[in-house]
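The listed protein sequences correspond, in order, to chains A and B. According to this note's numbering, the first sequence is numbered sequentially starting from 994. According to this note's numbering, the second sequence is numbered sequentially starting from 34.
It is worth saying that the hints were derived from the structure and are not from the lab. Beta carbons are placed, not taken as given, at the ideal position from N, Cα and C, and that holds for glycine.
Chain B regions said to be covered by chain A (calculated; three or more residues, Cβ under 8 Å):
no., segment
1, 72-79
2, 190-200
Distance condition first, Cα-Cα at most 25 Å in a straight line; then the derived SDA-like pairs of lysine to any residue:
no., chain 1, residue 1, chain 2, residue 2
3, A, 1168, B, 121
4, A, 1472, B, 74
5, A, 1168, B, 122
6, A, 1166, B, 112
7, A, 1168, B, 117
8, A, 1022, B, 192
9, A, 1277, B, 74
10, A, 1168, B, 118
11, B, 211, A, 1024
12, A, 1168, B, 86
13, B, 211, A, 1237
14, B, 211, A, 1222
15, B, 211, A, 1186
16, A, 1168, B, 101
17, A, 1022, B, 196
18, A, 1022, B, 191
19, A, 1022, B, 208
20, A, 1168, B, 81
21, A, 1022, B, 193
22, A, 1168, B, 112
23, A, 1166, B, 121
24, A, 1168, B, 107
25, A, 1022, B, 195
26, A, 1168, B, 111
27, A, 1168, B, 109
28, A, 1168, B, 73
29, A, 1386, A, 1354
30, A, 1277, B, 66
31, A, 1168, B, 100
32, A, 1166, B, 111
33, A, 1166, B, 117
34, B, 211, A, 1238
35, A, 1166, B, 118
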Amino acid sequence: MLKYFSVFILAMGLVLGGLVLDADAVQAKDYLNIAYGSDPVSLDVHVAPSTSHYHNHIYDTLVVRSGDGDYYPGLASDWEFADDGAVVTFYLREDVWFHDGTKFNADAVQFNFERILDPAVASPHGGIAGPITGIFVEDEYTITINYEEPVAALLYNYSQTFFGMQSPAAIEKYKDEYGNEYAVGTGPYKLDVWNAGEEIVLVRNEDYSWGADFYDNQGPAKIERLVFQNMPDEMTTLLGLQGGSIDIANIPTPYIEIFEENPDVDVQLAPVGRVTYLGINSSKEPWSDMRLRQAIAHTIDREEIVQVAMNGYAVPNPTPLAPGVLGYDEDLHDVAAPQDIEAGKELLREAGYNETDQGWFDEDGNELIFNIWTYSTDEYSRLAEVTREQIIKLGLTVTIETLESGTLLSRTPDGDHDSVLIAYGWSDPGILNSFLHSDNLDRSNRVHYVNPDLDRLLDRGAVTVDPEERARIYHEAQKIIIEEAPWIPLFTVTNALGVNTELQGLRRGPGGAEPRFLDAYFD
Amino acid sequence: MHQYILRRMFMLIPVVIGVSILTFLMIHIAPGDPVSVMLPDHATSQDAELIRARLGLDQPLPIQYYSFVRNAIQLDFGQSVQTGRRVSTELFARWPTTFQLTIVSLTIAILTGIPLGIMAALKRASFTDHFSMVFALLGFCLPNFFLALLLQLLFGLQLGWLPMYGVSGPIWTGEGLKYLILPGLSLGLSSAGVLARMTRSNMLEVIQVDYIRTARAKGLWERRIIFKHALKNALIPITTIVGVQFGFLLGGAFITETVFALPGVGRYAVNAIFARDFPIIQAVTLMMALIFVLANLGVDLLYAYLDPRIRYE
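Extracted from the complex, chain B is given alone in its bound form (with noise of 0.2 Å):
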């Protein structure tokens, strides 16, 4: 188990490096330099010039890639190239808000999304199955930012019950909580359409296995037959999704941030991408690969606990 943990951290290196080439390459041949956005109409060609030798633009890509791989191994991904601020700094400052966001957001879409559909497809066909479903239709096609809108409109200007936008301070604090629940559920309740889809179609699929049938027949708990026979099942395919979304939160989510302004990466790397600030664009894929990796790997360890079947060597 160590040994394959240990294997699967150690191909993290050739994932990287091809992330940051690829990256670095794409940066480069996609239109537009950060000089050229950066520039005032009234700028003169030497202002110009100046500005791109003081950036480092004037030197060829090799060196320009050559300078970057030898920051990024000691973890400095350098200065943005508009602002001139520590890259590292500015990404730690806005790693917290998005963190605490995903963690909202699944948790919401968790607790919604399992039990509709756990509850779909022990009563099938019935009225509980019809809503969950359609709850979960919405939920998937209701764009995000249009869903966010509502929750705005809704609980912030006509109940005043929610601030509309901005942060206040961490989520253990009741306050901070309070300003992450409305982007939590405009993110969250899309994913639990997705998860209460996936729930009840592996549920329904479980239920008529034999082994179900087993347990029925042996006279078990109902309770005890859905929980830890059919469920624990059913959540193996589940797991893949929750991670991947897990992995996607984290890489920042660009339109929920920008509705309800949070500083968070997604808003920080968009508004770079916008800019050419590459140092930026660079370290946040690269941080986006990274989790993804690990992502899949915490995955890849809980199918081995939730199925005692699968082993690792």
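Extracted from the complex, chain A is given alone in its bound form (with noise of 0.2 Å):
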């Protein structure tokens, strides 16, 4: 409710806000005000939890990927792999200095990778790091590096931001304030100050000239400062990107349409690999019988959820991999099952459950009840309504439990949920082995899923550096993932990204959603 009276606000907002705006002439400027939401844990990236836009612009990666999924040459003018993929060696680029002034080179590379792995430093992308048995400096611009065995999301995991590479002058002169005061890479931007809970600004390396080549531009970018500005509340944000103070912002899909008809913003959508899912916990009684899971199944009708909970913005996906992702299959989209309510009671049936007028009861009397975890946050709440009204159609009764997140991560590992509506964003299939296989049921195993069959596949999945041998074991995992049903995926989402429309030039990042601006320009 709250939230269509705040639509009305801000349409109302963007009435009369126009009338007064229009007069001020928007000047050519060399810098860019951009919202985010909450300050980094650090801008050390071998350290933070996630990254965002600002570890992007400060820190290159020896991969990169580009909004397409190919992999070019960033900071790695070439790479090899030896010995079925278990020996990589790169070759670096010459020309590549540290923001600080200090060379790149492969001294550099070894000196990152030891300090990811190192346990004093605690890196939690160690494991993503790969089994690594030596680093080896071949020559100043040759590194190779040897596993246990072969990884095959390696190109992927290096083009990730955790892998960045970080000037080792820099981490060894200010210790503990690095990441916090300071933060030195060879990216098109580097730090100047971060006001934590203010701003973070970044200027343009007047040096670079090391751009991938999917760029227009490899040389130094053409926007000279980029402030990210920390603004905690979406409507705050949303007025700035209504009266210009803001130049780019996200746009949460209950307000995409207002903006489509402001001229000074342009809604720039873009698929983001981003899976929203249903998983139901497959170890806890009743949940564990897969007939009960493939029930509820049955009643999903995917594209009236992204209807009606996403206003049309993402796409519906019954597979646990997004497109775009290796191993995305859209055959499998018949494997999924339909909407059928008649075969979901017949499933519970089957199951030994009775329905009467007051919902389903097994033999003892005891009646079955859904429950649904997710966040307490207006989108996945009214996912969880939109979605519980599909089930409800079983005669089930479905309750819906919304948890701040903290304590959602913090106790699905306990297992005492039904199900839990939640989303994940990786674009490698290898990510599949944190969330299903039963390595990870003290951890990310939230569904606590055990299947053998499907642990050896994602086992195998990990080690196949072959693209097509590994597509297909991905399809394979899939497949029982689907039948079995400890996930019930739903869609992938569109992000909307507002943007000034006096900038040109905006690319989007693999998997969608950060901008880059090497290209970008004001009109």
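Mind docking these for me? Both chains are given alone in their own frames, and the hints should help you get the complex.
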């Protein structure tokens, strides 16, 4: 209700605001105001649990993944696999300098990898660095890394900003201050200042000349300063975008249509490799019975969920992987259970439940109740409501419990929930290992799903380097996940970025979410 | 008097110890630990163990509490679990914003609330009275964030008179004050509502008592009667409200700080709660407890000034 009222207020603001603001001609400017929601944990990417905008511009990676998912040379101009992928050699660019004036070379790469693996640093990304057995500097610009076994996701992982190259000299110099006061990489922008809770200011790296090939511009960025403004409140951010004091901000789905009518804001829609799914606790009675999970799957109408809960700004997707990710397969859509309430009811009967006016009961008279856990944000609450309305058609009692995100993440490993409505964003299929492999029951396997066949496939997928073979493995894995329904994938989100119309040449990074500014300029 | 103040200060010690134990226990009983909040999905169990060990979270609770107390005595609240930044440094950096916001909003509350209350009481059942009370009711009932939004729309987006969000320097520079007017209004008007209603009812009560009638009978100026005799007596309960309000505001106004993107203590604390960043939560809770005790002490001392019959031994 509040949301709709806010929409109304914002619409009112647009009408009134438009009258006043049209008069202000926007001057060509050399900086951008970009809104961000919350401060990063650190600007040290080896330690930060997640990366965003600002990290991406400060740091470069060895390999760069373009918006369409191809790998391009980054700081490594070439690479070579040997021993079936258990050995990789990176040939580095010779013309790269860190922001502090030190030279980027194989020693720097070795330092960075050793730091990620250092137990004292305790990087959360040590695992995805691969089972490294040795790092060898061949010559000034050649480095070889050996692994216990091939790492199929190697290029993807190393293209993540977590593996951004940080200046060894700066890390040694600033010690604990590194990541807070200082951040030194090789990227197109340098850290100017970070006032926590207020802003992060980046300035152009004038010496930059090593932009990846898919950019039009390999040299210094055209825009001089990026001012990231900490805007914790959604409405304030949108008012700022409306009023022109913010140039770039994410627009939540309920507000997209309003901004499409604003001539000063360009709404750029891009699919994001983020899958939202209903995960059912497959170790908890009675949902450990596959038929019950399948019955729930039979109630889902993804098109309706997308239209009602997401205002149409999402793509229905019944498979665990997002389009564009290796192993995503349109054919798998046919494997997913179609909406068929009768078939769902039949499965419940088979599992020994009887339908009455009050709901479904087992032979001992216990009622079957389906509980959905989700985040307490507007978006997830709305999503859970719409999903419940569909499942209720079985005649089942469905309850929703919304939890603050910290509580949800900490309590799902205990396994008291029937199901959890949640999302993930990662564009390599290897991530399914985290969510559905029995090795991760204590943490990220929040649906407590145990299936040795799937474990075997996921283990093979992690070490199979050949893309076609790997895609086949994940095809099989996804088939199991869809059929046995520990996950009922719902959709992939479309991200809407509100951008000042004067700004041209903005590119989306891999995964679609965060913009890159190398080609961007003011018209 | 001095002895009284000393005794009150001395009572701070048990309060602080009690608060610290309570917060410590509550944080550790509540679901969620910082590591599971902080870990990305792709992290392995081994990554998680390393982080837990680095943060000292694998230590038993009493040991964690002991090291917290040992440091806190030296005014060192340790480092944020998440960012590794020193909590005391961060708190002091955010303190000025919150303090200035408190000053601005309390000033607004007092300058609008009390005069409105007085006018309403003096012109009882008139248009002024109804207007003031409707204003008070609105100020009191309008949710903070909603009022904030309306103010931003009107004065920020539409009229362009005042900045919609953010901070810029301290309030004694005109520019800095400009940034705090809208946040100050959205916070202050609700307190103003409470103050207006309290002032009105207290004034109405006081105006009818015998000594006011006596004052009138001996022919004192009406103005003197109201301000010297009536208001001073009516102010006593209001002082309590202002004091408590002061304590509240100093603890940080989370919603206002969020809506107006102010880097204050309230937002810092709430973010810490979401992240289960307990060194910060402990430091802020302790600080708030201290402020409340001190604000109450201040109010008690003001009583003695306002009402000479009240003495502290």
